[in-house]
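I would like the entire structure built from these sequences, with the hints used as guidance.
Protein chains: 2
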Amino acid sequence: MVQSVQRAVRVLRELAAGGPRLGVTELAERVGVAKPTVHALLRTLEGEGLVVQDAETGRYQLGPGLLMLGNAYLDTQELRARSLSWADTLANRADEAVWVAVLTGDHVFVVHHAFRPEGVVQILEVGASIPWSTCALGKAIVAFLPPEQRKELLEGELPALTGSSITDAAALARQLEEIGRTGHALENQESALGDAGIAAPVFDRSGIAGAIGVIGPVERVLDDAVRQDHVVAVREVARQISRELGAGRSGAAGRTR
Amino acid sequence: MVQSVQRAVRVLRELAAGGPRLGVTELAERVGVAKPTVHALLRTLEGEGLVVQDAETGRYQLGPGLLMLGNAYLDTQELRARSLSWADTLANRADEAVWVAVLTGDHVFVVHHAFRPEGVVQILEVGASIPWSTCALGKAIVAFLPPEQRKELLEGELPALTGSSITDAAALARQLEEIGRTGHALENQESALGDAGIAAPVFDRSGIAGAIGVIGPVERVLDDAVRQDHVVAVREVARQISRELGAGRSGAAGRTR
DNA sequence: GAACGTCGTTCAGCAATACCGAACGCAAAC
DNA sequence: GTTTGCGTTCGGTATTGCTGAACGACGTTC
Chain A
1 MVQSVQRAVR VLRELAAGGP RLGVTELAER VGVAKPTVHA LLRTLEGEGL VVQDAETGRY
61 QLGPGLLMLG NAYLDTQELR ARSLSWADTL ANRADEAVWV AVLTGDHVFV VHHAFRPEGV
121 VQILEVGASI PWSTCALGKA IVAFLPPEQR KELLEGELPA LTGSSITDAA ALARQLEEIG
181 RTGHALENQE SALGDAGIAA PVFDRSGIAG AIGVIGPVER VLDDAVRQDH VVAVREVARQ
241 ISRELGAGRS GAAGRTR
Chain B
1 MVQSVQRAVR VLRELAAGGP RLGVTELAER VGVAKPTVHA LLRTLEGEGL VVQDAETGRY
61 QLGPGLLMLG NAYLDTQELR ARSLSWADTL ANRADEAVWV AVLTGDHVFV VHHAFRPEGV
121 VQILEVGASI PWSTCALGKA IVAFLPPEQR KELLEGELPA LTGSSITDAA ALARQLEEIG
181 RTGHALENQE SALGDAGIAA PVFDRSGIAG AIGVIGPVER VLDDAVRQDH VVAVREVARQ
241 ISRELGAGRS GAAGRTR
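Order-wise, the sequence lines are chains A and B. The first sequence begins at 1 in full-length UniProt numbering and counts up by one. The second sequence begins at 1 in full-length UniProt numbering and counts up by one.
Mixed in with the good hints, there may be bad ones.
Derived contacts from chain A toward chain B, CB cut-off under 8 angstroms, selection only [stated by the list, open to error]:
(1) Leu41
(2) Arg43
(3) Met68
Bear in mind the hints are in silico, worked out from the structure with no lab data behind them. Note that the structure is a prediction, hence the values are computed from the model and not measured. Every residue gets a Cβ at the ideal spot worked out from N, C-alpha and C, and that includes glycine.
Here's what the structure looks like:
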């Protein structure tokens with residue numbers, strides 16, 4: 001609606017996507033507006049700290065103000081706040097990394113990452129964005145969405161990140177149905193080779209809020225000896241968080257009606 | 001310069017600062033513009049995913065798009081990229097948490113956090129913003145800034161976060177001078193009670209780029225038995241990263257001229 | 001249970017504002 | 001030394017965004 005703001009955000013998006021440093025001219029043609037316009041937007045964003053200009057080359061890149069706002073977003077996430085201690089508990093109990101995620105559009109957003117205890121070098125995944133259909137967290141959320149939204153997502157794009165990604169809507173629908181019955185979702189190397197996950201939905205007063213799950217090497221996570229333990233642990237923790245968020249007593253399919 | 005963009009950012013800032021959810025009316029009076037104006041801005045930001053509206057109450061809060069942009073900022077940080085593996089190495093060697101930070105205005109911004117191995121529950125501090133004068137990282141950076149910038153910061157506000165925070169400009173100037181000689185900075189509960197830190201500056205082609213250091217309980221970090229080891233380790237790692245960033249061979253005060 | 005107050009939202013008109021084409025200064029490339 | 005490309009500045013135009021007033025819905029109060 002407000003043109004300049006839309007354009008400013010598009011500029012930020014281009015800066016985020018296209019390489020570390022971009023020039024005014026390049027940005028102008030990517031966004032499709034005149035060069036002086038982009039310049040004015042950049043100066044404004046720079047004044048607000050959302051963009052910084054490299055003193056040497058004159059090119060622009062994203063600024064630290066964005067990180068502040070991004071962190072502020074995390075703080076407003078009630079799901080995240082309530083999950084922090086439970087995620088740690090789960091990480092210790094399962095001896096695996098734990099992710100908490102919400103759905104945004106057709107992607108799943110990791111809002112918290114509890115590390116695996118005693119793990120080796122682990123990279124932080126907070127802020128990661130994954131197509132819903134390729135991970136346990138996404139499937140756990142979508143399975144409990146209102147039918148029309150679920151249908152819409154199923155009819156949308158189903159990208160393949162690995163050879164195991166499920167790209168057939170009918171097969172996915174069957175999985176979702178089963179997830180609705182069992183209350184948990186599985187993922188076997190559908191988003192990254194070698195990684196598997198087990199996730200369960202988290203509800204708040206108004207319905208599905210997100211999902212929590214364990215993520216780790218397929219050999220460990222889906223091992224027959226511990227898999228059922230993981231399922232139970234994840235589902236229990238998800239239900240606990242749901243209760244703290246004020247969900248109705250029907251832990252699972254209750255809110256889909 | 002571009003009014004609407006400035007106002008949009010101010011709206012985001014207010015959303016970040018003031019509580020989890022704010023209404024249009026409240027935002028309008030905080031930002032000081034008419035209600036419909038704020039409404040239009042919010043609708044635009046919502047369309048871009050930087051803001052979401054609570055379906056129930058109609059109030060607004062920050063959106064996940066901000067997290068994406070914030071993460072994109074981290075990815076553009078060359079210092080962060082080069083530090084990742086070194087920070088882990090240092091965390092293991094020192095057996096303490098390691099932070100990497102850059103200077104923004106008069107605050108220090110944590111862009112990477114390597115956890116202490118085998119540590120108990122640790123909270124992630126990436127995105128934290130600390131007054132430069134209250135932490136080892138900040139002092140390590142400012143000590144190697146060009147003289148006029150250093151002077152400006154010394155004349156600026158020197159807030160006190162704890163009773164140990166240094167608020168006297170002359171005392172700080174003396175510390176900075178010593179840091180310039182020794183190549184490392186110390187912090188003894190100046191930003192948080194019980195926490196201490198040891199940091200060293202990191203340089204790139206054009207001068208000071210940021211700092212890296214260990215953070216932990218004062219009893220461990222500043223213990224006489226290991227303190228000197230920490231100093232050596234931090235300084236070595238800082239020099240290694242500087243080399244990767246293309247700094248001149250003068251590891252320490254070289255670039256201040 | 002009805003009246004009130006408050007909130008988010010819509011509308012239309014005014015003019016302020018942001019956009020653009022052209023031109024400038026500067027640096028690097030040839 | 002010339003040329004090419006960059007980021008930047010400038011001024012006029014009309015598009016665009018801003019505002020006051022009014023609408024409908026919700027929650028509260030008496």
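To see whether the hints hold, each was checked on the structure:
For Leu41 of chain A, the suggested interface contact is upheld, since its CB lies about 6 angstroms from the closest CB of chain B, less than 8 angstroms. With its C-beta approaching chain B no nearer than about 5 angstroms, Arg43 of chain A sits inside the 8 angstroms limit, and its interface hint holds. For Met68 of chain A, the shortest C-beta to C-beta distance to chain B is roughly 6 angstroms, which falls under 8 angstroms, so the interface hint holds.
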